[in-house]
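Novice: Spelled out from the first residue to the last, the chains are:
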Amino acid sequence: MEWGVATAQRSDEIDRAKAQAAAETAAKAGAKPPYDEMHAPDGSVRPHFAVMARRLADLGPGELDERQRTLERFFLLQGITFTVYGAESSTERIIPTDLLPRIIPADEWARIETGLVQRLQALNLFLADIYGERMILKDGVVPRELVLGAPSYRREMQGLYVPHQAYANVCGSDLIRQEDGEYAVLEDNLRVPSGVSYMLANREASKRTFPGTFRLAGVRQIDRYPDLLLSTLRSMAEWRPNPQVVVLTPGVYNSAYYEHAYLARLMGAPLVEGRDLVVHDNMVYMRTTSGLRRIDVIYRRVDDDFIDPLTFRRDSSLGVPGLFNAYRAGTVVMCNAPGTGVADDKAVYAYVPEIIRYYLGEEPILPNIETFLCREPAQLSHVLANLDKLVVKAVGASGGYGMLIGPHASAAQREEFAQAIKADPENYIAQPTIQLSTAPCLIDGEVDARHVDLRPFILSGEKITVTPGALTRVALRKGSLVVNSSQGGGSKDTWVLAGPGDDLS
Amino acid sequence: MMLARVADSLYWIGRYVERAEHVARLADVMLTATLDRAETAAQVARIALSAVGDATPEKIATPFESARALALDRLDGSSVVSSLALARENARQVRDQITSETWERLNLVHLRLSGATAAKSFNDGSSAFLHDIIADLHLFKGAADATMSHGEGWRFLLLGAHLERAQLIGRLLEVCFGRGGERLDHPTLTAVLRMGCALEPYLRVYTADVRARPILEFLLLNPEFPRSIRFSTDEIEAHLSVLARHTEAVHVGPGRLAGRLKARLQYADMAEIERDGSHVFLEGVLAECGAIHSGVYDAFVAYPLEMRLPA
Numbered sequence: 006m007e008w009g010v011a012t013a014q015r016s017d018e019i020d021r022a023k024a025q026a027a028a029e030t031a032a033k034a035g036a037k038p039p040y041d042e043m044h045a046p047d048g049s050v051r052p053h054f055a056v057m058a059r060r061l062a063d064l065g066p067g068e069l070d071e072r073q074r075t076l077e078r079f080f081l082l083q084g085i086t087f088t089v090y091g092a093e094s095s096t097e098r099i100i101p102t103d104l105l106p107r108i109i110p111a112d113e114w115a116r117i118e119t120g121l122v123q124r125l126q127a128l129n130l131f132l133a134d135i136y137g138e139r140m141i142l143k144d145g146v147v148p149r150e151l152v153l154g155a156p157s158y159r160r161e162m163q164g165l166y167v168p169h170q171a172y173a174n175v176c177g178s179d180l181i182r183q184e185d186g187e188y189a190v191l192e193d194n195l196r197v198p199s200g201v202s203y204m205l206a207n208r209e210a211s212k213r214t215f216p217g218t219f220r221l222a223g224v225r226q227i228d229r230y231p232d233l234l235l236s237t238l239r240s241m242a243e244w245r246p247n248p249q250v251v252v253l254t255p256g257v258y259n260s261a262y263y264e265h266a267y268l269a270r271l272m273g274a275p276l277v278e279g280r281d282l283v284v285h286d287n288m289v290y291m292r293t294t295s296g297l298r299r300i301d302v303i304y305r306r307v308d309d310d311f312i313d314p315l316t317f318r319r320d321s322s323l324g325v326p327g328l329f330n331a332y333r334a335g336t337v338v339m340c341n342a343p344g345t346g347v348a349d350d351k352a353v354y355a356y357v358p359e360i361i362r363y364y365l366g367e368e369p370i371l372p373n374i375e376t377f378l379c380r381e382p383a384q385l386s387h388v389l390a391n392l393d394k395l396v397v398k399a400v401g402a403s404g405g406y407g408m409l410i411g412p413h414a415s416a417a418q419r420e421e422f423a424q425a426i427k428a429d430p431e432n433y434i435a436q437p438t439i440q441l442s443t444a445p446c447l448i449d450g451e452v453d454a455r456h457v458d459l460r461p462f463i464l465s466g467e468k469i470t471v472t473p474g475a476l477t478r479v480a481l482r483k484g485s486l487v488v489n490s491s492q493g494g495g496s497k498d499t500w501v502l503a504g505p506g507d508d509l510s
Numbered sequence: 266m267m268l269a270r271v272a273d274s275l276y277w278i279g280r281y282v283e284r285a286e287h288v289a290r291l292a293d294v295m296l297t298a299t300l301d302r303a304e305t306a307a308q309v310a311r312i313a314l315s316a317v318g319d320a321t322p323e324k325i326a327t328p329f330e331s332a333r334a335l336a337l338d339r340l341d342g343s344s345v346v347s348s349l350a351l352a353r354e355n356a357r358q359v360r361d362q363i364t365s366e367t368w369e370r371l372n373l374v375h376l377r378l379s380g381a382t383a384a385k386s387f388n389d390g391s392s393a394f395l396h397d398i399i400a401d402l403h404l405f406k407g408a409a410d411a412t413m414s415h416g417e418g419w420r421f422l423l424l425g426a427h428l429e430r431a432q433l434i435g436r437l438l439e440v441c442f443g444r445g446g447e448r449l450d451h452p453t454l455t456a457v458l459r460m461g462c463a464l465e466p467y468l469r470v471y472t473a474d475v476r477a478r479p480i481l482e483f484l485l486l487n488p489e490f491p492r493s494i495r496f497s498t499d500e501i502e503a504h505l506s507v508l509a510r511h512t513e514a515v516h517v518g519p520g521r522l523a524g525r526l527k528a529r530l531q532y533a534d535m536a537e538i539e540r541d542g543s544h545v546f547l548e549g550v551l552a553e554c555g556a557i558h559s560g561v562y563d564a565f566v567a568y569p570l571e572m573r574l575p576a
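Same order as they appear, the protein sequences are chains H and B. Quick note: the first sequence uses this note's numbering, first residue 6, plus one each step. Quick note: the second sequence uses this note's numbering, first residue 266, plus one each step.
Hint data in this document are derived by calculation from the structure and do not stem from the laboratory. Yeah, the Cβ is synthetic: ideal placement off N, Cα and C, and Gly gets one too. Hints should not be assumed to be uniformly reliable.
To be verified - Counterexamples of contact, computed for chain H against chain B with all Cβ distances above 10 Å:
(1) D47
(2) H53
(3) R60
(4) T214
(5) P246
(6) G256
(7) Y262
(8) R298
(9) A399
(10) P412
(11) H413
(12) E431
(13) S485
(14) G504
Stated by the list, open to error - To give an idea of the interface, some chain B residues facing chain H are shown, with a C-beta separation under 7 Å as derived from the structure:
(15) L268
(16) R270
(17) A272
(18) R357
(19) Q358
(20) R360
(21) D361
(22) E369
(23) N372
(24) V507
(25) H511
(26) K527
(27) Y562
(28) L574
Based on the sequences and whatever the hints tell you, model everything.
Specialist: Below, the structure is given as C-alpha cells:
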C-alpha cells in the first residue's frame, strides 16, 4: 500500500495551516512571501508534488527519521564524506543531505533547459571573442577594462584555438526561483564547478528511500551523466583516434576529492595528480607501471592558478611544469579551458543579457537578477543609500564569503561594508534580497520548509547537453538564505518529471 | 597499464591489510594464552610482542594492555588501527580503481576500529572484537577476489599481501626458532601455530604431533598451506611474472629475485636447513624479500624517467 487517504487529509490540513501561517508572518514583515515548491499560496499541494505528498502523509515521523539515518549510513559507507581535522584525531562527516526530493514539472524544466543552452552558447562565444578579436569590447557592449582588468582574464589564452569554441565544457549555473515563481540565474560557474557527484549520490539515495513514489512520479534519469561527460571530453580531441582522457585532481585532501574519484571511476578514466604527469617535448605523459603513456584530454579539477607553476603561480606544487605550453602547442586539451572565470565574474554577470543579445540576437530566456555595479557612480550611490535592502557581494569572492545580506545585518556591519565599498567600488556589486523559494525538508524529524536554490549541470563540447536533474542546495538553518556547504548548507535530490515527449531513460 | 602511483597504493593496501590481520591474530592468541599457566602466558606474550618488534618486560607482564595497544593504539604505527587507517587512506587515493564492494568492506572495518566505541567494544569482549576484525578483513579479501578484475591492480594488491605475509611469518619463525630461541613447551607451540593461523591445517598433515621441527617445516616449506613462506613466494613469483609482461626491466629485477627465492624454497631440504642453522636460512629469506620490495619500486614505481622517454 503506497498511501492512506485518511491520514493524507489530516496531514494536508496541518501543512495548509503551516503554509498559511508562514504567508501571514511574511506579510506582517512587509515582505513578499517566498515561493513554496510544494504548496500554492492557498495552502493546497501543487499538482507535481501530489504523489510525494500522499507518500509523506502515509509515513510517520519516526519512519522518516529512520530513513534519514539509513541514508546517512549509506553515505558514510560509500565514503561520501569530508574530513574535519582536529588536534588529535580527524573525524569524517557526511555532507548534510535531506531525503525529501525537490520536484520540477516537465514544462518548467523545458524552459530551464533551453535557457541554459542559450546562455552557455552565448558565454562560449563571448570567451572566444574576448580571447580573439574582442569585437564585443570594440563595439562597447561590455566595458573593456571590466574584462581585460579582471584577475580571471588570462592573457596566456589570447589567440589560442579551442575546439568547437567550447571553453566551458562543464558548467554549473545557480538558479533561484523568485517570489513570483520565475526562475532566474544567480550565478554561472564556468571554472571548476563541483557538486555533480552529490546530484548522482542523492539520486541513488532517494531511489532507495522512495522507490514506489519514484516510479509513480515518472522521474527522468540522470545516470548517463558520466557517459555524456566522457563523450564531451573526447569530442575535444577528435583528431586523435582514441583519445586518452584523465581526471586531474589536486589530491586526496581536496574537499571535492570524492567527486573527482567518483567521476574518474564512472568514466573509466585514470585519476591523476600533478606528480603523475610529465611534460616532455610539449607532450604530456603519465607515469604508468609500464613506462610513460601519452594523454590527450585533461579534465582538470585544479584551479587556473595551480595548473602550471611555469605559467601561473610559481609556488604551486599541484600542477605540472610545462603543461600550459603543451596546451598552447595543441598536443593536449584542458577542460575547462583556463581563463573561463572571466565570464562568470560577478561584474561581467550583469552584462550577460546584453551578451546573449549581441551574439545570438535573441532575448534571454532565463533572466538575471537585477544587479547594481558599484563601479558606476550612479549605481554606487543607490547601493549606499539602500544597504539595508540589498545583498552586496565582493566580485572576486565565492562560496558565500565576502558577502553582506543587508536586511539581516547589523548597522555596524552595514557601516563596515559601506566603507569597504567606497574604498574599492570596482570590487563590489549589489542585488536586491531575493526570497529564495522554499521546499519541504526533514528537520529534526519534522517536515518543515527551508530555502533552496538549483544547480543544473551543462556540458558543452561538440554540442551542448543539459542533464535532466540538478543539485538542489538547501539552507538548513531556518530562515537562512545561504546555501553554500561551507556555510551550513546541505543538498537534496531533484526530480525532473518526464513530459509527454520525454524519454524516461 | 596503470598509474605508477596507483600500483604503489594498491601494493600498500595489500601490505597493510595483511599486517593488520596478522597483528590482530597475534593479539588474540596472546590474550587467549593468559588463560594458561603463567610461564606459557609469558612465553607466548614474548613471542607475539617480539614478532612485532616490541617486547619489553613491562609489556610482556601486562598482556591485556599490550593486546589493546596492538589493536587500538593510534600512536603505534604497526597497530591494527594504524595499519587499517593507512590501508584505507591508500584506498581513498585509488578509490576509482577498486570496486565499491571492496571499498565498502575496508571502509567499514576502518570506521568500526577508529570509531568512538572501539575501546569499549574491546574492553567488553576483546576476543570477539579481534575475531570480528579478522573476519572483516577476510571479507575484504573475498570482495576483492570476487569483484575486482584479476588484472594488474589486483596483482599489485596480492603482491603486497604475499610479500608482507612472507615477511611476517618469517619474522615469527625467526623469533621462535632462530638465534637464541629457547625450548618451547607444548601449549606455546600450539599458540605459535595459531599465530600463523595454521593449527587446523597442520594437524591434518602431522596429526596432533606438535613439535618444533615439523612446525618450522610446515610454516616454511608446505606447498599448499596459504601462509607458508613457500606458498607466498610462489604467489609473489607468479604475480611478478605476469606483471613483468609489460615491462622489460622486471626480468632482470624483482622477477629474477622472486624466481630465485621461489626455487630456493621449492628445493629446500629440512636436514640441510637444520645443519646450517635455521636462522641463517630465515635471515636469507627475509633479506631476499626486502630486495624484491626495492626491486618492485625500481621497476614499476620510482623508475628513472630518462630510461622511459620516447626516442
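Novice: Run the C-beta distances from H413(H) to all of chain B and say if the shortest one exceeds 10 Å.
Specialist: Nearest chain B Cβ is 36 Å from H413(H), so the label holds.
Novice: Would E431(H) pass as off the interface with chain B, using Cβ distances and a cut of 10 Å?
Specialist: 42 Å, holds
Novice: Would you check whether the claim that P412(H) is not at the interface survives, using Cβ distances to chain B and the 10 Å cut-off?
Specialist: 41 Å, holds
Novice: Against chain H, with CB atoms and a cut of 7 Å, does the hint on Y562(B) hold up?
Specialist: 11 Å, violated
Novice: Taking the closest pair, is the beta carbon of P246(H) still more than 10 Å from chain B?
Specialist: Holds: least Cβ distance 17 Å, greater than 10 Å.
Novice: Determine whether the non-interface label on H53(H) survives the test: each CB of chain B must be over 10 Å from its CB.
Specialist: Correct as stated: the minimum Cβ-Cβ distance to chain B is 33 Å, above 10 Å.
Novice: Classify the hint on N372(B) as holds or violated, based on whether any CB of chain H lies nearer than 7 Å to its CB.
Specialist: Constraint on N372(B) satisfied, holds at 5 Å.
Novice: Holds or violated: is the Cβ of E369(B) closer than 7 Å to a Cβ in chain H?
Specialist: 5 Å, holds
Novice: Next item in the hint list is Q358(B). Is there a CB on chain H closer than 7 Å to its CB?
Specialist: Interface hint status for Q358(B): holds (5 Å vs cutoff 7 Å).
Novice: Does the claim that G256(H) lies off the interface hold, with its Cβ farther than 10 Å from every Cβ of chain B?
Specialist: Label violated. Min Cβ-Cβ 8 Å, cutoff 10 Å.
Novice: Holds or violated: R357(B) as interface residue toward chain H, Cβ cutoff 7 Å?
Specialist: This hint holds: R357(B) lies near chain H, its Cβ roughly 6 Å from the closest one there, short of 7 Å.
Novice: Once the closest CB in chain B is found, is it more than 10 Å from G504(H)?
Specialist: 33 Å, holds
Violated hints, in rising order: 6, 7, 8, 24, 26 and 27; the structure is consistent with all others.
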